[in-house]
Amino acid sequence: MDLGHYAPLGAEALLTAVSLLVVLVGLFTKGRSSLPGYLSLAALIVAMWMVLTAQTGTVFFYDSLRVDGFSQFFKAVFILVSLLVVIASLTRYNGRPGGDEYFALLLMATVGMMVVASAIDLVSLFIGFELASLSTYAMAGFDRTKKNLEAAMKYFLYGAASSAFMLFGFSMLYGMTGSTRIADIAGASLAAFNPAILIALIFVVVGFAFKMALVPFHMWAPDTYEGAPALVSALLAAGSKKMGFAAAFRVILIALLALKLEWYMAFAILAAVTMTIGNLVACWQNNVRRILAYSSIAQAGYISIAFVVLGVASEGMTGPNNLPLDQYALAGGLLLVLGHAIMKTGAFISTAQVASIAKNTEDPDDISNYAGLGRRAPITAFCMTIFMFALAGIPPTAGYFGKFVVFGSAIYGGLVWLAVLAILNSALSLYYYLRIISYMYLREPAGPKISESKGYVLSLLLALIATFWIGVLPDGFFNWAMQAAAALLP
Amino acid sequence: MLAAVMFSIGLYGLATQRNGVKLMMCVELMLNSANINLVAFSAYQPNVSGQVFALFSIALAAAEAGIGLAILITLYRLYGTIDLDNINALRW
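Those sequence lines, one after another, are chains R and V. Last residue of the first sequence: 490 (this note's numbering), numbering continuous. Last residue of the second sequence: 92 (this note's numbering), numbering continuous.
A few of these clues could be false.
As the list claims (entries may be wrong) - Under 10 Å between C-beta atoms, here's a sample of chain R residues computed to sit facing chain V: (1) Glu130; (2) Phe170; (3) Met172; (4) Tyr174; (5) Ser179.
These are computed hints drawn from the structure, not numbers from a lab. Beta carbons are placed, not taken as given, at the ideal position from N, Cα and C, and that holds for glycine.
Sequences are here, hints too, so could you generate the full structure?
Structure follows, in structure tokens:
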């Protein structure tokens with residue numbers, strides 16, 4: 001057998017092997033070694049390099065996985081998020097009893113997300129989805145406090161129900177078209193349209209929407225993001241949610257090109273409602289992690305604008321510089337995914353830092369704990385401020401650039417109302433972001449100055465650099481996203 | 001038809017039950033209805049990928065039940081109950 005053929009999947013293989021190795025190391029050292037953390041860190045860095053240099057355009061395992069520009073883009077996002085989370089976790093979990101399991105689960109979750117990014121077959125898509133979900137269910141309850149477990153239970157029940165919806169939809173798609181390959185399903189539904197395919201599709205979209213936390217399927221997200229360990233929330237909000245988008249882009253776009261007119265309006269309403277409700281509810285939250293959860297629901301709404309534009313974009317419609325509109329919109333969605341993943345990870349890591357020094361231990365994420373953070377923990381407060389501005393879409397940050405492309409594509413697509421609504425929503429979101437910032441800089445400190453732990457600071461600074469890098473020099477990232485979009489579109 | 005009925009019963013149970021174990025049984029019901037669908041449809045198709053899919057999803061459902069029960073057991077140790085109405089530290 002020629003193993004060289006499988007080289008583009010090397011990153012997945014490496015991460016799987018290392019996650020098993022980490023468990024073994026933990027077993028022989030009774031979980032007290034600090035090796036697992038550094039091993040995972042090294043593996044993720046190597047995997048990142050492998051993903052960025054992998055040869056694209058090949059198909060594996062009987063047409064079930066494809067390595068193309070689109071999959072590599074998402075894989076890079078997932079690995080980046082895991083990398084930041086691992087660096088931040090080094091102080092919190094490494095060398096503690098159970099730390100090895102934490103890192104092993106984290107790597108497994110990453111592999112699951114990467115499989116989803118590559119999947120072009122419903123079977124491999126479902127397996128990747130479940131691998132990532134099952135690992136994160138276990139991680140959500142990792143510290144075994146009351147809040148943790150409640151969060152894990154809610155996340156588990158909603159997650160399991162959503163995979164049941166998804167699987168039911170998949171089974172109907174298979175029944176109608178006789179194939180589990182996404183491309184074949186698209187071909188069969190183009191050739192002979194059957195209303196049952198539409199129903200199957202609604203099931204699948206509901207399943208994905210739970211993962212993406214679109215309104216009205218968002219109920220689990222605030223509870224889970226608040227209750228789970230902060231670093232796990234970072235992984236959930238930035239990684240596992242983006243996995244929902246990766247899957248949705250693949251399935252919905254490829255399989256349902258035939259149904260364009262019938263689904264774009266549904267997605268337009270879903271996007272509009274999602275961003276409005278997310279932003280409105282965030283305004284009267286007092287728990288910072290809940291604010292972040294609702295803001296991430298709102299961001300999911302912005303990203304879904306890309307679906308809507310793809311729905312209306314017809315042959316020959318162009319965006320700026322005569323770029324094809326569908327490709328432009330998809331690239332915008334991908335840039336928002338990338339930017340949001342980095343900013344959200346950073347913001348959740350900041351909350352982890354604050355929670356570790358909180359005075360009000362009843363609710364460590366309450367906004368009162370952020371009072372005077374600018375003087376207590378200057379680096380954390382500064383990074384948090386930048387992430388808040390970036391999430392609100394202030395230039396020159398990653399958040400601004402992604403929003404610019406997506407909203408612009410909506411205007412080019414003739415959906416001015418949606419773009420205006422999205423911009424108004426961004427303005428509204430400034431209210432609660434500025435509220436956190438004003439607490440950090442304008443209030444009297446809630447405690448003495450503290451030394452910030454190295455792991456958190458390092459990953460915060462990395463996320464900060466990435467946020468500015470994308471914002472200041474967007475050209476390279478834009479071209480990358482355009483290539484990824486071109487790989488996905490037919 | 002059987003599968004659709006099973007799925008609906010599971011969904012109904014998920015909405016009305018408050019007991020953790022019963023909720024998990026409802027989720028299993030929903031997952032297994034999809035399995036029945038897959039196997040039944042593959043009888044009418046020239047390929048067996050539906051049956052293969054069903055095998056994979058049975059394995060995944062088992063893993064899912066394992067994790068769910070593990071979370072429930074730790075929950076029971078901390079709270080002393082698995083009635084989810086009594087577990088409400090998190091509120092919006």
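Report the numbers of all earlier hints that the structure fails to satisfy, in ascending order.
Of the numbered hints given earlier, the structure breaks none, since each of them holds.
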